[in-house]
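**Student:** Kindly produce the complete structure, drawing on both the sequences and the hints.
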Amino acid sequence: MYKETKYLTAGDKALTIEYGNEISEDISSKVRSMMVALETNEIDGIVEIVPTYRSLMVHYNPLIIGYDDLVNKLKSLENKLEDISLPEPEVIEIPTVYGGEYGPDIENVAKHNKITVEEVIKIHSSKEYLIYMLGFTPGFPYLGGMDEKIATPRLKSPRTKITKGSVGIAGSQTGIYPIDSPGGWQLIGRTPLKLYDPNREVPILLKAGNYIKFVPISEKEYKTIEEALNDGTYKYKTYIKQIGGRS
Numbered sequence: 001m002y003k004e005t006k007y008l009t010a011g012d013k014a015l016t017i018e019y020g021n022e023i024s025e026d027i028s029s030k031v032r033s034m035m036v037a038l039e040t041n042e043i044d045g046i047v048e049i050v051p052t053y054r055s056l057m058v059h060y061n062p063l064i065i066g067y068d069d070l071v072n073k074l075k076s077l078e079n080k081l082e083d084i085s086l087p088e089p090e091v092i093e094i095p096t097v098y099g100g101e102y103g104p105d106i107e108n109v110a111k112h113n114k115i116t117v118e119e120v121i122k123i124h125s126s127k128e129y130l131i132y133m134l135g136f137t138p139g140f141p142y143l144g145g146m147d148e149k150i151a152t153p154r155l156k157s158p159r160t161k162i163t164k165g166s167v168g169i170a171g172s173q174t175g176i177y178p179i180d181s182p183g184g185w186q187l188i189g190r191t192p193l194k195l196y197d198p199n200r201e202v203p204i205l206l207k208a209g210n211y212i213k214f215v216p217i218s219e220k221e222y223k224t225i226e227e228a229l230n231d232g233t234y235k236y237k238t239y240i241k242q243i244g245g246r247s
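Using the UniProt record's numbering, read the sequence shown as starting at 1 and increasing by one per residue.
None of these hints come from the bench; they were simulated from the model.
Idealized CB from N, CA, C, for every residue including glycine.
Keep in mind that a hint or two might mislead.
Result set (DSBU-like, lysine-lysine): computed pairs, CA atoms no more than 35 angstroms apart in a straight line [to be verified]:
no., residue 1, residue 2
1, K235, K164
2, K149, K223
3, K3, K122
4, K223, K3
5, K80, K127
6, K80, K114
7, K75, K156
8, K194, K213
9, K161, K220
10, K114, K220
11, K6, K114
12, K237, K161
13, K3, K127
14, K13, K127
15, K111, K3
16, K149, K161
17, K207, K235
18, K223, K235
19, K241, K80
20, K80, K13
21, K194, K111
22, K149, K127
23, K114, K223
24, K13, K3
25, K127, K207
26, K114, K127
Quick list of the computed label-pair ranges, beta carbon to beta carbon [stated by the list, open to error]:
no., residue 1, residue 2, range
27, D69, A228, 20 to 28 angstroms
28, G171, I65, 33 to 41 angstroms
29, D231, L63, 43 to 51 angstroms
30, P62, E226, 24 to 32 angstroms
31, K122, K3, 35 to 43 angstroms
32, K75, D147, 16 to 24 angstroms
33, E107, I64, 53 to 61 angstroms
34, I23, V202, 41 to 49 angstroms
35, K122, S157, 26 to 34 angstroms
36, D68, K3, 33 to 41 angstroms
**Tutor:** Set out below in structure tokens:
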């Protein structure tokens, strides 16, 4: 984390508040604290705020507020971040079928890391992954905390279509495809949960600052959950993250 926050110009209608040059939970916490501060202390002229791994982009209307005035107001808020209380993070369980047609690349991951498929599943499903940010496609979670024991390079030739709900690994990251889309991640499983549903009251299922936990299920359980989602009877399983506890 930088000793002093950087305020960077991003064109004539945006600026970036940058807190560091690495991916860390401390920096993510700072980003989310500033988001909360801006949401609870509205500044006239701000149009949109976009959180990332290590920064916050602020889009504004220069006809309402000038750059210098905006920076001064942001710095004033930053001096009060210690007074901001972030909500307790929630963990949502992501039921996942590993391997087979649902995860055709899981053997690649096992082979690359010289472990068994069973070990890949055990390692991948043993963590609670922090959702740093959402992007790429609607609801796509950028996660932190994956064990390096299962880190695997992207595919040399990306697929033109990946089924929504697919769980993949790319380098030291793991993620979930919310919609059908092209992609080059190593696919190890699939969840029946809908990370993005435009017909839902809140279309995006996940939220930055919360965590997810992959839970291995059978193909039969996958189909049962899928049916429950379709008829509206499925109940998402969540719990409060124990800070300082298991992770």
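**Student:** Work down the list of hints and note, for each, if the structure agrees.
**Tutor:** To see whether the hints hold, each was checked on the structure:
{"no.": "1", "hint": "K235 / K164", "result": "holds (20 angstroms)"}
{"no.": "2", "hint": "K149 / K223", "result": "holds (30 angstroms)"}
{"no.": "3", "hint": "K3 / K122", "result": "violated (39 angstroms)"}
{"no.": "4", "hint": "K223 / K3", "result": "violated (51 angstroms)"}
{"no.": "5", "hint": "K80 / K127", "result": "holds (33 angstroms)"}
{"no.": "6", "hint": "K80 / K114", "result": "violated (49 angstroms)"}
{"no.": "7", "hint": "K75 / K156", "result": "violated (44 angstroms)"}
{"no.": "8", "hint": "K194 / K213", "result": "holds (15 angstroms)"}
{"no.": "9", "hint": "K161 / K220", "result": "holds (24 angstroms)"}
{"no.": "10", "hint": "K114 / K220", "result": "holds (29 angstroms)"}
{"no.": "11", "hint": "K6 / K114", "result": "violated (42 angstroms)"}
{"no.": "12", "hint": "K237 / K161", "result": "holds (29 angstroms)"}
{"no.": "13", "hint": "K3 / K127", "result": "holds (31 angstroms)"}
{"no.": "14", "hint": "K13 / K127", "result": "violated (40 angstroms)"}
{"no.": "15", "hint": "K111 / K3", "result": "violated (42 angstroms)"}
{"no.": "16", "hint": "K149 / K161", "result": "holds (27 angstroms)"}
{"no.": "17", "hint": "K207 / K235", "result": "holds (18 angstroms)"}
{"no.": "18", "hint": "K223 / K235", "result": "holds (15 angstroms)"}
{"no.": "19", "hint": "K241 / K80", "result": "holds (25 angstroms)"}
{"no.": "20", "hint": "K80 / K13", "result": "holds (25 angstroms)"}
{"no.": "21", "hint": "K194 / K111", "result": "holds (30 angstroms)"}
{"no.": "22", "hint": "K149 / K127", "result": "holds (13 angstroms)"}
{"no.": "23", "hint": "K114 / K223", "result": "holds (32 angstroms)"}
{"no.": "24", "hint": "K13 / K3", "result": "holds (26 angstroms)"}
{"no.": "25", "hint": "K127 / K207", "result": "holds (18 angstroms)"}
{"no.": "26", "hint": "K114 / K127", "result": "holds (20 angstroms)"}
{"no.": "27", "hint": "D69 / A228: 20 to 28 angstroms", "result": "violated (52 angstroms)"}
{"no.": "28", "hint": "G171 / I65: 33 to 41 angstroms", "result": "holds (39 angstroms)"}
{"no.": "29", "hint": "D231 / L63: 43 to 51 angstroms", "result": "holds (50 angstroms)"}
{"no.": "30", "hint": "P62 / E226: 24 to 32 angstroms", "result": "violated (48 angstroms)"}
{"no.": "31", "hint": "K122 / K3: 35 to 43 angstroms", "result": "holds (40 angstroms)"}
{"no.": "32", "hint": "K75 / D147: 16 to 24 angstroms", "result": "violated (39 angstroms)"}
{"no.": "33", "hint": "E107 / I64: 53 to 61 angstroms", "result": "holds (56 angstroms)"}
{"no.": "34", "hint": "I23 / V202: 41 to 49 angstroms", "result": "violated (26 angstroms)"}
{"no.": "35", "hint": "K122 / S157: 26 to 34 angstroms", "result": "holds (29 angstroms)"}
{"no.": "36", "hint": "D68 / K3: 33 to 41 angstroms", "result": "violated (23 angstroms)"}
Hint compliance for this structure: hints 3, 4, 6, 7, 11, 14, 15, 27, 30, 32, 34 and 36 are broken, all remaining hints hold.
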